[in-house]
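If you're matching them up, the sequences are chains A and B in order. Here the working numbering is used: the first residue of the first sequence is 1, the next is one more, and so on. Here the working numbering is used: the first residue of the second sequence is 1, the next is one more, and so on.
No lab work stands behind these hints: they were computed from the structure. A couple of the hints might just be wrong.
Below are the DMTMM-like pairs computed for lysine to aspartate or glutamate, each with C-alpha atoms no more than 20 Å apart in a straight line [claimed, not checked]: (1) Lys202(B) x Glu12(A); (2) Lys19(B) x Glu208(A); (3) Lys250(B) x Glu234(B).
Each pair of labels, with its calculated beta carbon distance range [as the list claims (entries may be wrong)]: (4) Ser71(B) x Ser249(A): 38 to 48 Å; (5) Asn85(A) x Val301(B): 10 to 20 Å; (6) Pro300(B) x Arg224(A): 27 to 37 Å; (7) Gly251(B) x Asp92(A): 34 to 44 Å; (8) Ser249(B) x Arg91(A): 28 to 38 Å; (9) Ser249(A) x Ser249(B): 32 to 42 Å; (10) Ala44(A) x Pro300(B): 33 to 43 Å; (11) Thr37(A) x Arg33(B): 53 to 63 Å; (12) Ser23(B) x Glu40(A): 27 to 37 Å; (13) Gly184(A) x Glu12(B): 32 to 42 Å; (14) Ser23(B) x Asp92(A): 32 to 42 Å.
Some chain A residues flagged as far from chain B (calculated, every beta-carbon gap over 12 Å) [unchecked claim]: (15) Ala30; (16) Pro34; (17) Arg91; (18) Asp92; (19) Thr228; (20) Val244; (21) Ser249; (22) Leu306.
Virtual Cβ for every residue (Gly too), placed ideally from N, Cα, C.
Chain by chain, the residues:
2 protein chains.
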Amino acid sequence: MTGPNPRFPAPENVSAEAKAFLSLPVDTSAADRPSPTSAEEWEAQIAESNGMFEALVRESVEKAPVVVAKSTMAGVTVREVVPENDADLKRDRVLLNFHGGGFTMFGGDLSVLEAVGPASAGYRVVAVDYRMPPHHPFPAAVDDGVAVYRHLLETADARQIAMFGASAGGALAASVILAARDQGLPLPAAAVMHTPWADLAKIGDSYETNDGVDPTLSTYEMLRDAATAYADGEPLDHPLLSPVYGEFSKGFPPSLLSTGTRDLLLSCTVRLHRALRAAGIPADLHVYDAMWHGFQLMAPVEGKDLDREVMEFLDRHLAV
Amino acid sequence: MTGPNPRFPAPENVSAEAKAFLSLPVDTSAADRPSPTSAEEWEAQIAESNGMFEALVRESVEKAPVVVAKSTMAGVTVREVVPENDADLKRDRVLLNFHGGGFTMFGGDLSVLEAVGPASAGYRVVAVDYRMPPHHPFPAAVDDGVAVYRHLLETADARQIAMFGASAGGALAASVILAARDQGLPLPAAAVMHTPWADLAKIGDSYETNDGVDPTLSTYEMLRDAATAYADGEPLDHPLLSPVYGEFSKGFPPSLLSTGTRDLLLSCTVRLHRALRAAGIPADLHVYDAMWHGFQLMAPVEGKDLDREVMEFLDRHLAV
Chain A
1 MTGPNPRFPA PENVSAEAKA FLSLPVDTSA ADRPSPTSAE EWEAQIAESN
51 GMFEALVRES VEKAPVVVAK STMAGVTVRE VVPENDADLK RDRVLLNFHG
101 GGFTMFGGDL SVLEAVGPAS AGYRVVAVDY RMPPHHPFPA AVDDGVAVYR
151 HLLETADARQ IAMFGASAGG ALAASVILAA RDQGLPLPAA AVMHTPWADL
201 AKIGDSYETN DGVDPTLSTY EMLRDAATAY ADGEPLDHPL LSPVYGEFSK
251 GFPPSLLSTG TRDLLLSCTV RLHRALRAAG IPADLHVYDA MWHGFQLMAP
301 VEGKDLDREV MEFLDRHLAV
Chain B
1 MTGPNPRFPA PENVSAEAKA FLSLPVDTSA ADRPSPTSAE EWEAQIAESN
51 GMFEALVRES VEKAPVVVAK STMAGVTVRE VVPENDADLK RDRVLLNFHG
101 GGFTMFGGDL SVLEAVGPAS AGYRVVAVDY RMPPHHPFPA AVDDGVAVYR
151 HLLETADARQ IAMFGASAGG ALAASVILAA RDQGLPLPAA AVMHTPWADL
201 AKIGDSYETN DGVDPTLSTY EMLRDAATAY ADGEPLDHPL LSPVYGEFSK
251 GFPPSLLSTG TRDLLLSCTV RLHRALRAAG IPADLHVYDA MWHGFQLMAP
301 VEGKDLDREV MEFLDRHLAV
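Just chain A, same shape as in the assembly (with noise of 0.2 Å):
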C-alpha cells in the first residue's frame, strides 16, 4: 500500500529538494506484489521497473558531457563512459563501475547510470553489464567482474583503478575484489561503496528500523524475492554474495561507504565499515541526515556533498 504521509516530517535541517521528497507518501506497495515464479514473470517484472529509469538515464547520457561506447571485455559487455573532452581525461586512471538494481534490474543501456557523474569529472568508467537472474545467478556477476578486472590489468596499473558501486553494486564491488585478491589479482586502489547490499539476508537492526521510513527502498520485502534468485541455492551469508561476511584481513583497498539515516541498508553500511574497520582496512564512513538509499543520485545539494568526498578519496588514493 502507500501510507498518506510518511512516518516522520522531514527535518528542518536538509536540503529543499531533499524535504520536498521527503514529504512525499512512502509507497510500500512492492510488499504486496506477488513473487515472480517463472523467468518470463521475472523479465516482464524487471522490464517494468527498468521502463520507469530508462527517459531518465538517457536524458542524463545525452545532457552530460560524456561519450558512452559500449564493447565487450574478456567476453563480458561493457560501456566506457568517457568525457568528450579529451583533454579532461584524468589519464590511465580508471574506474570500474557495478550499477545497483538488486541483482536484477538497471543492466544494459540503463547500466551506465552511475557512471556519468565521475565521467563528467574527467574519469574513464567502465561500466560493467554484468550478467544477473533470471537466467545467470551468482555467481556469473562476481566472474563477470573479476574478468573485466583482470582485462583492464594488462593495460593498466592496479594502482590506478578503483571499483565502485550502489546497493547491489556496492556489494558486487566489495565481492569482486575479494574474488580477485583470492584468485592471486592485485587489490584495486580503492574501493567506493554507496549504500551497499552488504547483507543479502534480513539481518541488521535498519531492515526493521527503517522499514516504511526509506522512501525509495521502503522495505526489505523489496529485495526478498531477488535475494533468493540471485543466489539460487547459496546460503545467504557466502561472502561473495554478503560481503559483510568477507574475510578482510587478508587484504582490501582503502574504501569510502555512504549511506544516510533513513537509508533502508543503513546498517547493512556500518556493519560493512565495522568489518573492515575490524581488519584494519582504512574505510572513511559517511552518513548524512535523513537520507534515503539512492540520494546520492536524487538529492542535488547533499549528494553534490558526498560527490566531492568522493572525488576527494580517489585523488587521495589513485595513482597518477
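Since chain A is already given, all that's left is putting chain B on it; use the hints.
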C-alpha cells in the same frame, strides 16, 4: 510511561550483552516529569539522577588500576586520573575530559566516569568538573574548559593534548576547542566526541526517528529543560552551545566521532561530522549497528571495539 516492550526486536548481529539490554522495556517516563521551576527543584532532580550512578562510578574507580587526585587548575575543580603503576604512563600526553550528563548531571565525584578507561590504558586524564546549572549556566562550562586548557599549556605541548567527551561532554569538547582557538590558543592534537549533543535544539532527524527507540536517552523531552537551563536565554544555535553551527574552517583538530543507529543523538553526531568534513577537517565517523546513547560505557563487546578505535586514533595523532 514505560512501554512493555521495545518498539523493535534486538537484531541478531549484536553482542549477547547488547541483545539483552535491547530487550528490556524502554523507559520514557522522563517525558512526563514536571520541569524544575527553582534551583532547589533542579538540585533535587540532579541529586536523584546522580544517585543512581554513584555506586557504579565508585566501584569502577576501585576496580580499575588507576589513582584519582582532586585538585584545582586555574580555579577550576579537576580530577586527575592516572595509571596506578607509574611505568604504564604514556609520558607527557594528556587527555582533557568533559563528562556527559546534559550539562546538569554527573558533576563532582561522578565526573571521572569516562576518565577511568583511558587512564587504565595508560593516559594521564584531566577530568574537568566544570560548573553547571542551576547556578552556573553557559558560558561557565566553556570558560572552565578553556581555563584548564590554558593552564595545561603552561607545562604541556598542545601536540600532546587531546580533548574528549561524550554527549554534553562531546559537544563541550568541541565548544572549548572553538573558544580556545578564537582566543588565540593553539589547537589540541585531536578531539574524540562520542554521541555529541551537537544541536541543543530539537533539530535533526533522529530526535524523531529514534524517539522511544533509544533505550537510554529515549526522548528529547529528557533534554529540553536542561537545554533551557544551560542556554540561559542565549539562542540555541549559538556555536558554543550547539557546535554543529561552529566555523570549523578557521581550524579544528583531527576528530573521531561515534554513535549508534538507535542513538537519539545519531543525527547530532553525523551532522557534526559533516560540518567538520565540509571544512576539510580529517574526521573519522564510527557508527555501531543498533547501539544507543552511551553504549560505549555499557556494551562490553561493542564498547571495547570502539575503545580500540579511539586508542589507535590517539596514537596516530598525539605527539610522543
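Results of checking the hints against the structure:
| no. | hint | in the structure |
| --- | --- | --- |
| 1 | Lys202(B) x Glu12(A) | holds (10 Å) |
| 2 | Lys19(B) x Glu208(A) | holds (15 Å) |
| 3 | Lys250(B) x Glu234(B) | violated (23 Å) |
| 4 | Ser71(B) x Ser249(A): 38 to 48 Å | holds (45 Å) |
| 5 | Asn85(A) x Val301(B): 10 to 20 Å | violated (53 Å) |
| 6 | Pro300(B) x Arg224(A): 27 to 37 Å | holds (34 Å) |
| 7 | Gly251(B) x Asp92(A): 34 to 44 Å | holds (36 Å) |
| 8 | Ser249(B) x Arg91(A): 28 to 38 Å | holds (32 Å) |
| 9 | Ser249(A) x Ser249(B): 32 to 42 Å | holds (37 Å) |
| 10 | Ala44(A) x Pro300(B): 33 to 43 Å | violated (51 Å) |
| 11 | Thr37(A) x Arg33(B): 53 to 63 Å | holds (56 Å) |
| 12 | Ser23(B) x Glu40(A): 27 to 37 Å | violated (45 Å) |
| 13 | Gly184(A) x Glu12(B): 32 to 42 Å | holds (35 Å) |
| 14 | Ser23(B) x Asp92(A): 32 to 42 Å | violated (54 Å) |
| 15 | Ala30 | holds (21 Å) |
| 16 | Pro34 | holds (27 Å) |
| 17 | Arg91 | holds (26 Å) |
| 18 | Asp92 | holds (27 Å) |
| 19 | Thr228 | holds (19 Å) |
| 20 | Val244 | violated (9 Å) |
| 21 | Ser249 | holds (14 Å) |
| 22 | Leu306 | violated (10 Å) |
The earlier numbered hints that this structure contradicts are 3, 5, 10, 12, 14, 20 and 22.
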